[in-house]
Amino acid sequence: MPAIFPRWTNNIPIAIGLLAPLVGAGLIFVVWYWFSPSYTDVGYRPEQPVPYSHKLHAGDMGIDCRYCHNTVERAAHAAIPPTQTCMNCHEQVKTESLRLRKVRESYKTGEPIEWVRVHQLPDYAYFNHSPHVAAGVGCATCHGRVDKMEVVEMDQPLSMGWCLDCHRNPEPNLRPLDQVTNMNWDPTQEAYDPKRDPARKRQVNPPLHCSGCHR
Amino acid sequence: MARVRTTWAAMAALLTVMGCRGNRSNEPPVHLQQNMDFQERGEAQERNDFFADGRVMRPPVPGTIAVGYLKEDDHLWRGRLPNGALADELPAGIELSAALLDRGQERYNIYCQPCHGETGHGNGPATRRGGGFAVAPANFHQQKFLPVTLGYFFDVASNGKGSMKGYKAQIPVEDRWAIAAWVRTLQVTGEASVDELPEQAQNQRPRRIQ
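Sequence lines, in order, name chains R and Y.
Note that numbering that gives the first Met the number 0 gives residue 42 to position 43 of the first sequence, counting from 1, and the numbers run on in steps of one.
Note that numbering that gives the first Met the number 0 gives residue 136 to position 137 of the second sequence, counting from 1, and the numbers run on in steps of one.
With the rest of the complex left out, here is chain Y:
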């Protein structure tokens, strides 16, 4: 009889130790049957000691260019006109439309809003915590930003400026133009009265704001 009781006790103890589904643990999951779970192949962002730098994802060989990425269109890729000045128009192939502004707003809220704020006043949620930013993000409604060209916003979004880093690695080029258009929209709808804007910007005012 005692043995039966010990068996029951042992089983009960085992079940308790095994715990329930969803228990938190920092031990890797145990899979008895591993089959082909881990195959000899590289996956994105994995480590691989075959390469000197340990990266599976190989960077392009220096001096090579992927097909379609010659980036010879200065206006599209760098926001510059043939004379080297920053352009104030959208590059050919990107039309100002409600869809472009919607896209710009969405992308702005992902990539710029944490610092510059939803309205572009430079007071995004990340600047209000942990002691604040050493250099505050720019307020796009400041007088000095009203006359700048569209290409300037594109250029800063791509390459950064001062203590802000560039976002060309994260954001595809079309989306950076959409963001630039949205920043301009914020300026128009913001504190600035329309007459203060340069002529170019007045012409580029999106239809739904007029």
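So that you can see chain R by itself, here it is in the shape it has in the complex:
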């Protein structure tokens, strides 16, 4: 009686033994690399209704972030400025510019400009700007060099792992309390020790427990 399985089938277990780990590792790599928010979220830069440039306003002209995002020190939400804030200047400069047509229209009609949201945490996660700003975490740490962006983009993944990386060891990310909005302050260049800063009344204590961020 001829053999049911031809001789080459003897190699199948070896082939599986060799290939399965490779395929498995490949799959893990694919999920780790392409399913991570570092891939899906970072670099998202929606086109905005008005070609407003942070590089021009915050970078070249050096307007402080809080001129426009004025609630960031006091509230959870960093307010996107109303049209009035733009008109403080644009009633005076570039009054004829076509790129500002929507701003002028919005000012006249009272209809807000519909800016497209860039950063958005899932609704089950709680984030609050004010304790971070009060603790001396710079805007640039979480939003990147906004002063160099023509169009705002996501610079950090905003994933849970990313939040926790900092919450476990916040010290290297802290800066003097008056440098929070300074985009040029580079933590790797300056020797700053938050423990010896007399302006700090208390040491920071970021939550690691689940209910800190999922409330």
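Hints are computed from structural coordinates only; laboratory data are not their basis.
Don't take each hint at face value.
[What the hints assert, rightly or not] Where chain Y lies over chain R, by a calculated footprint (3+ residues, C-beta under 8 Å):
| id | segment |
| --- | --- |
| 1 | 36-50 |
| 2 | 90-100 |
| 3 | 119-126 |
Backbone N, C-alpha and C fix where the C-beta goes; we use that ideal spot for every residue, glycine too.
Assemble chain Y onto chain R, guided by the hints.
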């Protein structure tokens, strides 16, 4: 064999199309598992078609006042004395101190410096570009601003004047007083010699400048 090669080619092509981390894109992020990412609740500054004006953040009903915001203190909220004149002193509860001036300087540099400049000469960075301002921001060292009261700066910072808009929506009231004190400080340290200032201002000179 050809099929194996096609498979490899297809995989390589797929990986290339998928790209690397940090690629820029104006497509919204794809999240396969949405779970409870978007819940039925309003968030700050969101749109909501339930309301006629589309705003989630509801403005107060006309004629109502939030607790603590009756603003009955004319001096604090409007910079006015009981007789209606602009006050030249800080309101009760706000003390002239190094901390107040530091705060004033910081807030001035955020909200006023873009137009009026760090020293108050009216030549801030925003006025030097794009053809300049149609009406130039005021130079606080001009003769006509030296005798004005502290309350005047507070009033302009709050309600604006001429082609300048007010900042009472952006800046809390205490900070507007701190800014007013800092503008006065700039005048004292600026071109004006101390003797030219009104008596009031001389008395209010911050200690560290004397």
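So, going through the hints one by one against the coordinates:
| no. | hint | verdict |
| --- | --- | --- |
| 1 | 36-50 | holds (count 11) |
| 2 | 90-100 | holds (count 5) |
| 3 | 119-126 | holds (count 3) |
In terms of the numbered hints stated before, the structure departs from none.
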